[in-house]
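Enquirer: Protein chains in written order, with our numbering: chain F, 1 to 296; chain H, 1 to 188.
The set of hints was computed from the structure by calculation and includes no laboratory data. Owing to the predicted nature of the structure, the values given are computational and were not obtained by experimental measurement. By construction, the Cβ of each residue, glycine as well, lies at the ideal position given by its N, Cα and C atoms. Among the clues, some could well be false.
[As the list claims (entries may be wrong)] Straight line, CA to CA, 20 Å or less: simulated PhoX-like cross-link-like pairs of lysine-lysine:
no., chain 1, residue 1, chain 2, residue 2
1, F, K34, H, K98
2, H, K76, H, K32
3, H, K5, H, K32
4, H, K5, H, K76
5, F, K174, F, K189
6, F, K34, H, K5
[What the hints assert, rightly or not] Anything over 10 Å on all C-beta distances counts as not near chain F; from chain H, calculated:
no., residue
7, G21
8, S68
9, N110
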Amino acid sequence: MSRNTGKTITIKTGLAEMLKGGVIMDVVTADQAKVAEDAGAVAVMALERVPSDIRAAGGVARMSPPELVQEIMNSVSIPVMAKCRIGHFAEAQILEAIGVDFIDESEVLTPADEDYHINKQNFKVPFVCGATCLAEALRRIGEGAALIRTKGEPGTGNIVEAVRHLREINQDIKRVCHLEDDELMTEAKDLGAPFELLRIVKEEGRLPVPNFAAGGVATPADAALCMQLGAETVFVGSGIFKSDDPAAFARAIVKATAHYDDPKMVLEASKGLGSAMTGIEIADIEDNMRMANRGW
Amino acid sequence: MSLSKPVIGVLALQGCVDRHGPHIEAAGGVFKTVKTAAQFDEVDAFILPGGESTTMLKLIDNFGLWKSLERNFRAKPVWGICAGSILLAEKVENPAQKSFGILPITVQRNGYGRQLDSYKTEIEGCEVSFIRAPVFTDIAANVEVLAKNETGPVWIRHGRNMASAFHPELSFDTPSPMHRLFIESLRA
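Please work from the sequences and hints to get the whole structure.
Expert: The structure is reproduced here in C-alpha cells:
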C-alpha cells in the first residue's frame with residue numbers, strides 16, 4: 001500500500017472528525033489532564049494559564065513551556081493540543097517538534113503578528129483557529145486550518161460572544177446558499193473570503209471543515225446551547241477548573257454535550273454542581289482586552 | 001439473517017458519526033444514530049465509530065449503557081472502526097483498558113504513534129485514513145484477514161463481526177467496499 005504521510009488536509013480534518021460530539025478541556029497540570037480524561041474529555045488543551053488567569057495577569061501571554069506540554073502528553077492517552085500566538089510560526093514549529101496532536105493559533109495569547117496569520121499549509125500537524133464569521137473562518141481554512149472554533153470571549157464565563165459567532169456563521173452560510181452562481185465572486189470580494197471555499201460552502205451548506213464552539217462556556221446548559229446552535233464539539237477553558245468542583249463540572253459538561261438534544265439529560269447534568277466560575281459582563285471589558293478582536 | 005434494508009445503528013455518544021450516513025444509504029442500509037438502550041434494541045446491526053475510545057468507555061459507563069450494549073453486541077453483527085475496534089477487542093494494550101471482548105483480537109492503542117504519524121492510503125480502491133490508529137497485534141486463528149499492512153492485519157472479520165483500524169467513512173466515494181461488505185453480509 002502506498003502511503004501518504006504528508007501535509008494532507010484530509011488527514012488533518014480526519015482527527016477533527018474524531019473529536020466531534022465531545023468536550024475539549026483546558027488544563028494547566030498533568031493532574032488536571034487526568035481529571036479531564038477521567039471525566040470523558042475527548043482531548044485536552046495544555047496551557048500555562050487558563051484564559052481567566054491570563055486576563056487577570058495581563059502582560060504578554062506566550063506559548064506554554066515545552067516541558068509542561070510534554071508532561072501533559074505523557075500523562076494522558078487522549079489527544080493533546082497546545083496554543084501558539086497568532087502569526088508566531090516559530091512557536092508552532094516548536095509545538096510540531098514536540099509532537100502535539102493539534103495546534104491552536106489562538107487569540108487567547110498575545111498576537112505576534114498583526115497582519116499575517118501562520119501559513120498552516122506548511123505544517124503536518126493540524127491547526128484549529130478562531131473565527132467570528134464565515135469570511136474569517138474561510139480565510140483561516142484557506143491558510144490551512146483543519147478545524148474552526150468560535151472565538152467567543154475567553155476567560156469570561158459569558159457565552160454571549162460564542163453565541164453571536166455561531167449565529168453569525170450560520171446566517172452567513174444560509175445567505176451564501178441562496179446566492180446565484182453569478183453572484184459568488186462579488187460575494188467573495190465583498191467578504192474577503194477565498195472564492196473556491198465559498199463555492200464549497202454554497203454547494204454543501206456548511207463549512208468545509210468541522211466547526212466547534214469556544215469562549216465563555218461555563219455550564220452544561222452553555223454546552224447544550226452551543227451544540228444546538230450547530231457546534232460539533234465544545235472547548236471549555238476556565239469553566240471547569242475555575243468552578244467549585246472541577247471533576248463534577250467536567251463530567252456534567254461532557255454529559256450535556258453528548259445528550260445536548262435531550263433536555264432531561266441536560267437537566268440531570270445540571271444538578272448538584274455548586275457554583276460555576278464567576279462571570280464577567282462583556283461591556284465591562286476594555287476594548288484592548290477583548291480577545292475576540294485579535295486576528296482578522 | 002436476511003434483511004432487505006437493514007437498519008444500521010451508529011453509536012453516537014461521541015466521534016465520527018454522520019460521515020457514515022452516505023455510505024450506509026448507498027450500500028442499501030438505513031442510517032440511524034443510537035445513544036440510548038431503547039434505541040439499541042431498534043436496529044439490526046451496529047457500527048462503533050472512530051473517536052476516542054477512552055471517552056466512549058467513560059460515557060458508556062457513566063450513562064449505564066454497558067449491559068445493554070453487551071447484550072446487543074452478542075446478538076447482532078457489529079463493526080468496530082479504530083476506537084470502535086478497541087472497544088470490541090478481547091484485549092487492549094497501551095494502556096490496558098476495559099473492553100467488550102466480542103472479537104478474539106489484541107489491540108494496541110495508538111500503535112503507530114500520535115497524530116503526526118497518521119496517514120492516508122488506498123485499500124481495495126478506497127481512500128482510507130489511519131488516524132492515531134490502533135494496531136491489531138494478535139488475532140485468533142479463526143479470524144479472517146481482509147487487508148493488512150506491515151504492522152499486520154488492519155481489516156478483519158470474525159463471524160458476522162468486523163473491525164478496521166482505518167476510516168473508510170472519510171472517503172467521499174460511496175459506498176466504501178467496507179460498508180458494502182458489512183451491509184451485504186446482513187442481506188445475504
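Enquirer: Given the hint that H/K76 pairs with H/K32, test it: the Cα-Cα distance must not exceed 20 Å.
Expert: holds (15 Å)
Enquirer: Check the hint pairing F/K34 with H/K98 against an upper bound of 20 Å on the C-alpha distance.
Expert: holds (17 Å)
Enquirer: Find the nearest Cβ of chain F to the Cβ of H/N110 and say whether that gap is larger than 10 Å.
Expert: violated (7 Å)
Enquirer: Can you confirm whether the C-alpha distance between H/K5 and H/K32 stays at or below 20 Å?
Expert: Roughly 12 Å between the alpha carbons, so the hint for H/K5 and H/K32 holds.
Enquirer: Is the Cβ of H/S68 more than 10 Å away from each Cβ in chain F?
Expert: holds (16 Å)
Enquirer: Please settle this one: H/G21 was flagged as non-interface, so is its CB more than 10 Å from every CB on chain F?
Expert: Consistent with the label, H/G21 stays out of reach of chain F, its closest Cβ about 13 Å off (over 10 Å).
Enquirer: Can you confirm whether the C-alpha distance between H/K5 and H/K76 stays at or below 20 Å?
Expert: holds (15 Å)
Enquirer: Is F/K34 close enough to H/K5, meaning Cα to Cα at most 20 Å?
Expert: Violated - the C-alpha atoms of H/K5 and F/K34 are around 43 Å apart, more than 20 Å.
Enquirer: Next pair to validate is F/K174 with F/K189; report whether the Cα-Cα distance is within 20 Å.
Expert: The hint holds at about 18 Å.
Violated hints, listed in ascending order, are 6, 9; each of the other numbered hints is respected by the structure.
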